[in-house]
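Undergrad: Sequence:
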Amino acid sequence: MKRLRQRLALCSASLALLAGCQTTPPAGGPTPEAARASFLLLGEQHDNPLHHAQRAAWLRQLAAANHAAGRETWVVFEQMDRANDAALQQSVRQQHANATMVAEAGGLELKAWAWPLHQPLFDAALAGDVHLAGGNLSRDAVRRVVREGRAAVPADLLPLLDAPGWLPADQQAVEADIEASHCGALPPSLFGPMALAQRVRDAAMAQAMLTAAAASEPAGQAPQVVLIAGNGHVRSDLGVPFYLRAAGVQAAQIVSVAWLEPDGSGDAGRYQQVQRTATAPRPDPCEDMKKPG
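Count the sequence shown with mature numbering (1 follows the signal peptide of the UniProt record, and there is no 0) and you get residues -19 to -1, 1 to 274, in order.
FYI, nobody ran anything at the bench for these hints, they're computed from the structure. Any given hint could turn out to be false.
As the list claims (entries may be wrong) - Now the in silico label distances, taken between C-beta atoms and shown as ranges:
1) C164 to L91: 25 to 31 Å
2) G10 to L171: 40 to 46 Å
3) A228 to R125: 19 to 25 Å
4) L171 to S197: 35 to 41 Å
5) A46 to Q231: 18 to 24 Å
6) P264 to Q70: 20 to 26 Å
Using N, Cα and C, we set each Cβ at its ideal position, and we do this for glycine too.
With these hints in hand, go ahead and build the complete structure from the sequences.
TA: Structure below.
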């Protein structure tokens, strides 16, 4: 979270510089594969307003198409705590519900996520009359996992974590990503605990998507469940899709789409689809970590 706050330090400047772009997402909408998917994961670089604007445009189109076809739409947010779903549902039912009210009810920490960066997505979801759900664990719950390990993992997530298929190479890859994301400044003793926390968060989002799918009223076809999360969470190999497959979801039902900037070309193979945008202005996220003391 510290690194996220560093990367969002110039969010106000980013919003000002890209405000015009936010209202003009690309003409192309969801691909046919994305529109058909039962489980659709839409990634982001958290501080890029274009990623939020373009995915909001996708959400509007998906919700409209699903509604016309008699298909329910659920949107699960990484930015909201799954433990707050009762308050979230109550907020959505309010007569004058708005994006900020709903986001706060769902446990989104406005300052930490540099609100209103994600507001276009909430606006689109409310306009589309879709179902909303939180997918993440609270920061305190994640900290407990880092401190206490498996003993702090919520019981409903253990079957997903223990499902076969997670290899030593996968563990090494997650730990390497954690080291890189902390600019090499993280003590090696924390690689394993933080990798576990990452896995638990991914499993929680997968479980939230599965719960949303199961909660839909019986209809002529399965609902579409959309996840809004960071690119690292939606990657097909080690992220939320891994846990969906571990739960028995067929790979053909899952589509993962990353929103990447031009310098993210090396990550493209982790996803089924990639959307490209301009780079958002931001400070060097490693600058403070490089300072002595």
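Undergrad: If you check the beta carbons of G10 and L171, does the distance land in 40 to 46 Å?
TA: holds (41 Å)
Undergrad: Given the range 18 to 24 Å, decide if the beta-carbon distance of A46 to Q231 lies inside it.
TA: Given a distance of about 22 Å, which is inside 18 to 24 Å, the answer is holds.
Undergrad: Taking the beta carbons of P264 and Q70, is their distance inside 20 to 26 Å?
TA: violated (38 Å)
Undergrad: The hint says 25 to 31 Å between C164 and L91; measuring C-beta to C-beta, is that right?
TA: holds (26 Å)
Undergrad: Verify the CB-CB distance for A228 and R125 against the hinted window 19 to 25 Å.
TA: Since A228 and R125 have Cβ atoms about 24 Å apart, the given range 19 to 25 Å holds.
Undergrad: Should the hint that L171 and S197 are 35 to 41 Å apart at their CB atoms be regarded as holding?
TA: holds (39 Å)
Hint 6 from the earlier list is the only one contradicted by this structure; the remaining hints agree with it.
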